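Novice: Next come the chains, spelled out residue by residue.
There are 4 protein chains.
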Amino acid sequence: MIIQLEKNITAEQRKQLEKKLGDIQYKANDVKTQFADYIVAVGKTDFDIRSIGTMEGIRDIHRVSDPYKLVSKKWKVNDSVIDLGDDVKIGTGEFAIMAGPCSIESEEQIASTIKHLKENGIRIMRGGVYKPRSSPYSFRGLGIDGLKMWHEQAKEAGLKIVTEVMMTEQIDAMMDYVDIFQVGARNSQNFNLLDALGKVDKPVLLKRGISGTIDELLQAAEYIFSNGNEKIMLCERGIRSYEGAYRNCFDVNAIAMLKEKTHLPVIADPSHGIGIRSFVEPVGLAGIMAGADGVIMEVHHTPEKAFSDGQQTLDYGQAHKTYQKFSKTFLLREEMKQI
Amino acid sequence: MIIQLEKNITAEQRKQLEKKLGDIQYKANDVKTQFADYIVAVGKTDFDIRSIGTMEGIRDIHRVSDPYKLVSKKWKVNDSVIDLGDDVKIGTGEFAIMAGPCSIESEEQIASTIKHLKENGIRIMRGGVYKPRSSPYSFRGLGIDGLKMWHEQAKEAGLKIVTEVMMTEQIDAMMDYVDIFQVGARNSQNFNLLDALGKVDKPVLLKRGISGTIDELLQAAEYIFSNGNEKIMLCERGIRSYEGAYRNCFDVNAIAMLKEKTHLPVIADPSHGIGIRSFVEPVGLAGIMAGADGVIMEVHHTPEKAFSDGQQTLDYGQAHKTYQKFSKTFLLREEMKQI
Amino acid sequence: MIIQLEKNITAEQRKQLEKKLGDIQYKANDVKTQFADYIVAVGKTDFDIRSIGTMEGIRDIHRVSDPYKLVSKKWKVNDSVIDLGDDVKIGTGEFAIMAGPCSIESEEQIASTIKHLKENGIRIMRGGVYKPRSSPYSFRGLGIDGLKMWHEQAKEAGLKIVTEVMMTEQIDAMMDYVDIFQVGARNSQNFNLLDALGKVDKPVLLKRGISGTIDELLQAAEYIFSNGNEKIMLCERGIRSYEGAYRNCFDVNAIAMLKEKTHLPVIADPSHGIGIRSFVEPVGLAGIMAGADGVIMEVHHTPEKAFSDGQQTLDYGQAHKTYQKFSKTFLLREEMKQI
Amino acid sequence: MIIQLEKNITAEQRKQLEKKLGDIQYKANDVKTQFADYIVAVGKTDFDIRSIGTMEGIRDIHRVSDPYKLVSKKWKVNDSVIDLGDDVKIGTGEFAIMAGPCSIESEEQIASTIKHLKENGIRIMRGGVYKPRSSPYSFRGLGIDGLKMWHEQAKEAGLKIVTEVMMTEQIDAMMDYVDIFQVGARNSQNFNLLDALGKVDKPVLLKRGISGTIDELLQAAEYIFSNGNEKIMLCERGIRSYEGAYRNCFDVNAIAMLKEKTHLPVIADPSHGIGIRSFVEPVGLAGIMAGADGVIMEVHHTPEKAFSDGQQTLDYGQAHKTYQKFSKTFLLREEMKQI
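Protein chains in written order, with numbering that gives the first Met the number 0: chain H, 0 to 338; chain E, 0 to 338; chain L, 0 to 338; chain Y, 0 to 338.
A couple of the hints might just be wrong.
So the derived list for chain Y, only partly shown, Cβ under 8 Å to chain L, looks like this [claimed, not checked]: (1) Val87; (2) Asp214; (3) Cys248; (4) Phe249; (5) Val282; (6) Met288; (7) Lys324; (8) Lys327; (9) Met335.
These aren't lab readings, by the way, just hints derived from the structure by calculation.
Because the structure is a prediction, the values reported are computed rather than measured.
Glycine included, each C-beta is placed from N, C-alpha and C at the ideal position.
With the rest of the complex left out, here is chain H (with noise of 0.2 Å):
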C-alpha cells in the first residue's frame, strides 16, 4: 500500500496514521523523494482501505499487489518524465538518443564524438569512465579526470552526460559532471549501491543484470526510489541465453512488459543487447517498436579502433542512417496509437 502524504501533514496527523498502520499490523517505510513523501505499507492482514484513505493529512492512497510498489504502474499510471534540464527530457513522447563510445579515450575523441551528434541533433552523450572489465589486467577507464575533461567540454556543447558509476565512494566526486548516473549490468543488484543513488538528486539509468529478471529490475528499481529518487529509467541490454551466435538475448518481450508493469521510462540498448555491429540498427528498431522510450548506443569514430567493445559500436555514416531510422519508426509507433 503506497500512501502519498499532504506536504503539511502535522506530527499528530501523522501519528494517528502510524497508529492505524500499526493496528493493521503493517510495516510503514517512510519515503521522502524530491517531488513527494510517502509511506509505503506492508503487510498481510486485510482491511478496509477506505478506514485510512478518509484519515488527516493523506492526498492519496494506492493498494498495490507487486512485490515493487512505489515504481508500480498500479499506483502511478501516468509515465513519468525525467527532466534533464535545458529542454532535454525523457518520457515525454519524444524519441530520446544517447550515443557515444564504450570508453571515453581522450580529448580528440570526445570532441570528434560531441561533433557527431551535435550534427545529428543527438542531446546525449554516453561513454565509460569507469569500467568494469572481466579481467583485472583489462583498461579500467580514465576515471575521474577523463570525467572532467568530457564535461568541459560536454557543456561548452550543450551535451548531457551519463556515464557507469561503480561504487558508492565515486558519487560525490562525479556529482558535478554528470547528468545522469548508470547502474551497469553487474551492479543491478548492488544494493549498497542503489541505496546510495537513491540518496542523491540525480536520474538514474538503470540496466538489467545479465540474468536479472523483470521482477528483480523493478524491486531494484525500488531501491533507489524507496531512499528518496524519483528519477528513474530502466535499461533493457540483453540477458544471457544458450544461444552463442550473438554476444546477449536482447530481450524485447521485457520491453514490451516494463511499459505496462511502471510508470518509468525504458530504454533499449541493442549495442550490448545483440553485440554485433551489423545487427544494432533492426534490434533498435525492434526495441522501439516494443516500446522503449529511447536507445543508447554505441558510436566511435573508428570502431575497430575503439578501446573496448568495437564490435558492436556503429560508425558516424552508419549511425547517421539509424538514427533518422529510430525517429522514423518511434514517430510512427506514436502515430499508430490513434488505431
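Using the hints, position chains E, L and Y against chain H.
Specialist: Quick look at chains E, L and Y alone, frame taken from chain H:
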C-alpha cells in the same frame, strides 16, 4: 561447396565431375529439387574452385563455409519467394499474415474465423488438427476429419491452409488438404520427418526448436532442401529462458540474424513467442522491424473458450487493429531501405 | 486419479464405474499394460474417494495431483524394476552400467567392445545405428544391417542391447534385435513415437529433452505408460545452459528430484552430460550420489578415431577404473541409507 | 606469464626485468601478496621464455594461456590450503563443513546453533548479518551489532565465522570479527569490492554469479589475488536455468572443472544450489563426489520459523545425519584416488 548443374548435363560430364570431386576428397551429395539439380560437396582439402567451375555441365558453383549449404545466403543472395498459388506469395516484399485458432474445433468456429479473415484481407489461415500436447490426457486435435472439413470451407473462401504435421505417416493423407505443412518446435530436429517433407512438393513452415540454436534451425532446413524441397519458411516462436514472467522469450535477434544468413523467408510467431495476449502486438511489431517477412498469430472468436492457448489468443476486434499496425510497420520498414 | 482394476472385473462392474466417473465429471482413460488394467480419470470436481474405492471390481485407487499420473510415486511408492532377462535387472539396488561406442562402426569394433565389457562384468552394451545428426551431410549410422550384425555378436556374448529408435516405422524391424529402445533427447516430445513405444512390450530408455523440464520428461513417460508399456527408464543427459565451458549442463538436481517424484529407474548419462572425456568420471560419480540407478556411458577402443562423440568417450583403460569407482560409490550410497 | 620474484630482488634486477618485458611489449602488473611478489605480464608477442627465466632475481616463471593467471593451476599445480588458525584448514584433504542459519537472528539462535555445531564437530559457522534482499522492504540483517554478538559467542566456542560483506565500507568494521569474508552471488562481479578484499589479509569465499561463467568466477578471483590476497575459496551455489522445479541449478560440472582449472579450494553450497530442503543432502553428496573441498549449508533449530531461506534449511536432526554422509563420501572419494 554447391554446384548447380545444367539441366542437360550428360552422364559423361557428371562422371567427370564426380571423379574430380573424388580427387580432392570431397563427398558429393546429389540433390534434386523442384527447381534444379545440385551437388553439395563436403570436404576439407584446399583447391582452386575454378578448376571445377570451368568443367562442362555446370551452371554455377559456390564455396559455402557455413555448416548449412543450400539454405545459406552465401550461395543464393536473392531472397526466396514461396508461391502458394492464387497470387498468395511469401517473401516478395508484401507482408504475409497467417491467422487463426490454435486448434480447429468445429464447423462453426471455422466459418467464423474465415469470415473474420476475409473481412481483413488475410489470405492464409492457421489452425491445428494434430496437436502436440505435454500430457497424453489433453485434447489432441480433430485429426484428418477436422482437416477435411476445414479444407472444404477454406477452399471455397479462397484461403490457404497452414497446419502442423507431426509424423511422416500423416503426410500422404494431409497432402491434398494443406497448402503449408508446419513443423512444430518439438519436431524441429525430428530428422526423419524433415527428410520426408523434403520429398514432397509442398511448402514447409519450420519452427525453431524450444531451445534450438540459429544454426540448428538452418541445418534442419538443410535437411528439407537437400531432400528436394526448396519451399521452406523459417519461424521464430520464442525460446526458453530463466525468465518466468512470460511463456517464451521471443528472440528478435534471431530474426535479424536469419535475414542475413539465409535466403529463406522468416516468419514471426508472437503468440507463442511471448504467450500473453496483451503483448502479442508489440512483440509482433518488434519482429517485423527486425526483418520478418510475415507473422503467424492466434485469433479466436472467444479466446477464453478456446480449447487451447486462449491466454495468448486475440479476439477479432483486437486482431483487426493489430493487422493494420503490422501492415503499416512493414511498409515503413521497406520504405526506410532507401535511407 | 488412478484406479487399478481387478483382472476379473465384470462388464457390469466396469459399466457402473464408468457411470460413477461420469457423474462426477471425470474423463476416464482406459490403460491396459503388460502388468495390469487401469483407469486414469482426470477431472476437477471434489468428491469422496471412498465412494469409488468401495465399488466392486477395483483393486486399488489413488488420488494423484501431479500432471503425470501412472509414473508418479504418489501412486506407486515402490521403485519399479526393469527385468531384461538372463538376470539383468535395472532398479533393484544393483548398479546398472550401460557402456559402448556412440556409433556402431564395424564388426571389429563390436567384437572389441564386447570383449572389453565382458572383462569388466558389464551386461548392457550401448551403441547407435540410427544417429540423429544436426547436419544432413554427417554420418547417420549403419542402420538395420548394423544392428543385426551387432545383435549376433551380443547375443552370443550374453550382452543386452540398448540403441536409439528415431521413428515409429523403425520399431518393428528393430524389435527382435534390441533389449531396450532408447528415445533420444531430440525426440523426447515426439509424441507419436512415444505412443508407438507404449504399444510394444520392450523396455524404453527415455532421455530428457535438450531443454526439457522434469515435468515434461515425466509426462513423456506417461505417454508410454498410458499406451500400455510400464517398462520405462528415465535418463538425465545434460541440459542447455549459457555456460560455454562444457557441452551440456549435467543436472544432478533433476536426478535427485526424479527419484522422489517417480517410481521409474533413473539413469545418468555423464558422457553427453558434460561432454568432455576427463570429466565423465566425476560427473558420473555425482549422478550416482544424487540417486541414479545406473549410468550409460561412451567407450571406444580408440576414442580419437571414433566416428562421432570421440571427445567425450573413454578408452578401455580409463573406463576400467571408472566402472570400479561407480560401483564402490553406489555401494556406499546404498549403505548410507542405514544412517 | 607469471614471474615469481626472489624476496631479495634488487632494484637494478627489477629494472632489467621490466626493461626486458617492455622490449617484448608485455604489460607488467606488480602483485605483492601475503606470500610472495609476482609480476603478471600480459602480451601477445612470441618469445623464448628462457631469455627471461635465466635473469637474476627471479625464482620461477610460467606461461599461462588462460585469461586468469595467478589462480590458474597451469602455474601452481599443488592445491592451495587456506589456514584459518587453530588447526582449521580448508583444502588439505580434510573435509570442511560450514553450517549455520541464513540470517543471524538473536543471541539464543546463535547459542543454539553453536551447541549443535560443537556436538557435530563442525568448526566453521555461517550466517548473514548483511543480507542482500531483492526487495528493499525485506529484513536486511542485524548488521555489525549482530556480528559482534555472534563473534563473542563463536570465539568462546572456538568456532570460525564466515559471513557476507556487501560493500567496501563494511570491510574495516567487520575485519576483527570474521574469519572468512563471503562475497555473495550478486556481488560476484562487483570489481571494487573484489579489489578491496584483495588488500586485506583475510580469507575470502567467493560465490559464482547468478549466471556467472566458470571463467568469470576465476577472473573475479584473479581480482582478489592480483590485489594481494591469495587466500581465496570458490563457491558453486547453483545457476539460473529455465527449469522451474527448483530454485537454482546446482552445477556439479563446474565443480569438476574448477578442480582442474585452479589450485584454489572449491566449496559446494547445496542449500542455495537446489533450494529445497529435502534435496540438500543428495545434491551436496553429488558436489563432494564431483570434487568439492567442502560444503556450506544452512541449518536452523526451527527452519519453518527462520527469518529467511527456511524452505532450504535443515533442522538439527537432519543435519546430523547429513554431516556424517558428507564425511563418509569424502573419505571414499579420497580413497578412490588410489584406483
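Novice: Each hint needs a verdict: does it hold in this structure or not?
Specialist: Now for the hints, and whether the structure bears them out:
With a cut of 8 Å, the hint placing valine 87 of chain Y at the interface with chain L is violated, because the nearest CB-to-CB distance is about 25 Å. With a least beta-carbon distance of about 7 Å to chain L, the hint placing aspartate 214 of chain Y at the interface is held under the 8 Å criterion. Taking 8 Å as the C-beta contact cut-off toward chain L, the hint placing cysteine 248 of chain Y at the interface holds, the least distance being around 6 Å. Interface hint status for phenylalanine 249 of chain Y: upheld, as the beta-carbon distance to the closest one in chain L is roughly 5 Å, under 8 Å.
The closest approach between the C-beta of valine 282 of chain Y and any C-beta of chain L is roughly 6 Å, which is under the 8 Å cut-off, so the hint is satisfied. Using the Cβ-Cβ criterion of 8 Å, the hint placing methionine 288 of chain Y at the interface with chain L is satisfied: the shortest such distance is roughly 4 Å. Of the supplied interface hints, the one on lysine 324 of chain Y holds, with its beta-carbon coming within about 5 Å of a beta-carbon of chain L, less than 8 Å. For lysine 327 of chain Y, the shortest C-beta to C-beta distance to chain L is roughly 6 Å, which falls under 8 Å, so the interface hint holds.
With a cut of 8 Å, the hint placing methionine 335 of chain Y at the interface with chain L holds, because the nearest CB-to-CB distance is about 5 Å.
Going down the numbered hints, you'll see the structure goes against just number 1.
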